[in-house]
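Peer 1: Sequence:
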Amino acid sequence: MSVDVKNLLRVTGASAAVVTALQTGTAALALRKERRDYADGVWGPGLAAVAITSAAVGNGDPWRRWALAGVTTAWAARLERLMLGRLRGTDEEDERYTEFLEGDSTPVVIAKVFGTQAVAQLLVSAPLQVAAASPLPRGLRRWLFPAGLAVMVAGAVVEATADAQKARFMAEKKQAKQDGADDDVPDELEVLDSGLWGWSRHPNYFGDSVVWDGAWLAAAASAPGAWTLPAPVAMSYFLVYATGAKRTEDRMGERPAYQDYQRRVAFFVPRPKR
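FYI, the numbering for the sequence shown is 6 to 279, going by this note's numbering.
Quick caveat, the hints were computed from the structure, so don't treat them as lab data. There's no promise every hint is true.
Restraint-style ranges between C-beta atoms, simulated for each label pair [as the list claims (entries may be wrong)]:
#, residue 1, residue 2, range
1, 264, 22, 39 to 49 Å
2, 89, 29, 17 to 27 Å
3, 14, 257, 42 to 52 Å
4, 239, 34, 20 to 30 Å
5, 83, 232, 21 to 31 Å
6, 232, 257, 35 to 45 Å
7, 166, 101, 16 to 26 Å
8, 142, 183, 56 to 66 Å
9, 112, 277, 47 to 57 Å
10, 12, 181, 51 to 61 Å
Quick reminder that beta carbons are idealized off the backbone N, C-alpha and C, glycines included.
Sequences are here, hints too, so could you generate the full structure?
Peer 2: This is the structure in structure tokens:
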């Protein structure tokens, strides 16, 4: 089965226009408020916007394009609630952005943060765009579509569960510090190593990567969709090396309790605790 190239170009063009508008608006607000970390707040909405735009403009299988848009939007809505809570919880810019952008001019900041994120959103969402402009085959391969949706939902559940477990842990740790005044927090609150966090040191990022593996699998039900494999690979790279897991490891790695945690628990892909 071949993709409708003309329709795919319309889908991609519309998606690029939506992403550009979102990033431009966010950049203007972020620079005015001196909070370049507002970029975190537009990641999920940008991907949801591409999914909905692709479904609306595409002429591929309607069940697939709207199902992908629905799951992506639900994933993005939960992530956005989490991101907005973090951004509103402090008046200080995330130190990652401050360090990364130290001394950069405004055009450089726009390119490094908002321009790069726009390109990343279009790359990661490539399976959604191709699926929106492709018909489903009649053979067994069409079942990759529901399988991919199931994988997306599973990944979203893992990510949400991990975030909820972390939120409870941080609340307990904060309460323990308040109760103990200047005393050290209990040993069990030094590092979160229970629940999903006892299987992976970054189960939320792992779940996120699985969501986009599922999106690729659903798109691969049509032969052209299989060629978008670089999209989930790129997403996994971003989550591990660019913005997520490795940065956390570098920040936490000097703590003895975390070093012990590193010896006992898998880095990314879950496995039983040692």
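Peer 1: All hints are to be evaluated individually against the structure, with a verdict given for each.
Peer 2: Quick rundown of the hints versus the structure:
1. 264 to 22: 39 to 49 Å: holds, 48 Å
2. 89 to 29: 17 to 27 Å: 20 Å Cβ-Cβ, so the 17 to 27 Å window holds.
3. 14 to 257: 42 to 52 Å: With a Cβ separation near 45 Å, residue 14 and residue 257 satisfy 42 to 52 Å, so the hint holds.
4. 239 to 34: 20 to 30 Å: Holds: the Cβ-Cβ distance is about 27 Å, inside 20 to 30 Å.
5. 83 to 232: 21 to 31 Å: holds, 30 Å
6. 232 to 257: 35 to 45 Å: At roughly 38 Å between Cβ atoms, residue 257 and residue 232 fall inside 35 to 45 Å, so the hint holds.
7. 166 to 101: 16 to 26 Å: holds, 25 Å
8. 142 to 183: 56 to 66 Å: holds, 59 Å
9. 112 to 277: 47 to 57 Å: Taking Cβ atoms as reference, residue 112 and residue 277 lie about 49 Å apart, which means the hint holds.
10. 12 to 181: 51 to 61 Å: holds, 56 Å
When each numbered hint is compared with the structure, no violation occurs for any of them.
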